[in-house]
Amino acid sequence: MTVSRRAALFAASGAAVAALVAGCGSSGSSGSGSAASTVPAAPSAPSSGSGTATGSGTGQSTGATVLKTASSAYGTIVTDGNGFTLYRFDHDTASPPASNCNGGCATLWPPVVATGGTPQLKGIDAKLVSTVTRADGTRQVTLNGWPLYRYSQDSKPGDTKGQGFGGIWFVTAPNGSKITAAASPSGGSSGGSSGGGYGY
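Going letter by letter, the sequence shown gives residues -18 to -1, 1 to 182 in mature numbering (1 follows the signal peptide of the UniProt record, and there is no 0).
Treat the hints as calculated values from the structure; they're not laboratory data.
Treat each hint with caution, since some may be false.
What the hints assert, rightly or not - Just the calculated beta-carbon pair ranges, DEER-fashion:
#, residue 1, residue 2, range
1, G149, A108, 28 to 38 Å
2, G149, G57, 12 to 22 Å
3, D107, G149, 25 to 35 Å
What the hints assert, rightly or not - Pairs of lysine-lysine, DSS-like flavour, derived with a Cα cap of 25 Å:
#, residue 1, residue 2
4, K160, K104
5, K138, K50
6, K50, K109
7, K104, K50
8, K50, K160
Even for Gly, the Cβ is constructed at its ideal location relative to N, Cα and C.
Use the sequences and the hints to build the structure in full.
Next up, the structure:
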């Protein structure tokens, strides 16, 4: 192999590695009260709604964000306007509110982003609802200080597949507390995944 051909192959390999690293990077800077993720990107997950009554599955909506209560195998929980279960993350903080799920984590666990002005609430105390600025500058809805998320693997309203995920993700009660009790014997879509090798 000639020196020039060897140099060309080396340059092409370097470009491919650089592209791969850039594609797997997490969000670079943190916003107010937010920390950037240091975990690897998750595998592609289905797109999820924004927690709005008219969510299109893309995170874009003209309607206001909706939070409501619903009955589940874990008791009364909080859902978005489409009935999808909302979760909280043990690596976040409530005082002060901070979201620490960015990059690949936010792909697997899409944040509930505030849209359309004042959130519409059903069965939830308005005094407990606010927002926190994420690392990417978007405003994430909080409940009693805790940022709220969907789980991308919940495929239909009422699913609770993210419950207990990695021992750090839990369904949310109407007062913002996490529900750690086991599901009732009557059933329900429970999770309890070990996290599948992803630390979020």
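* Asked: Checked against the structure, which of the hints given earlier come out wrong?
  -> none
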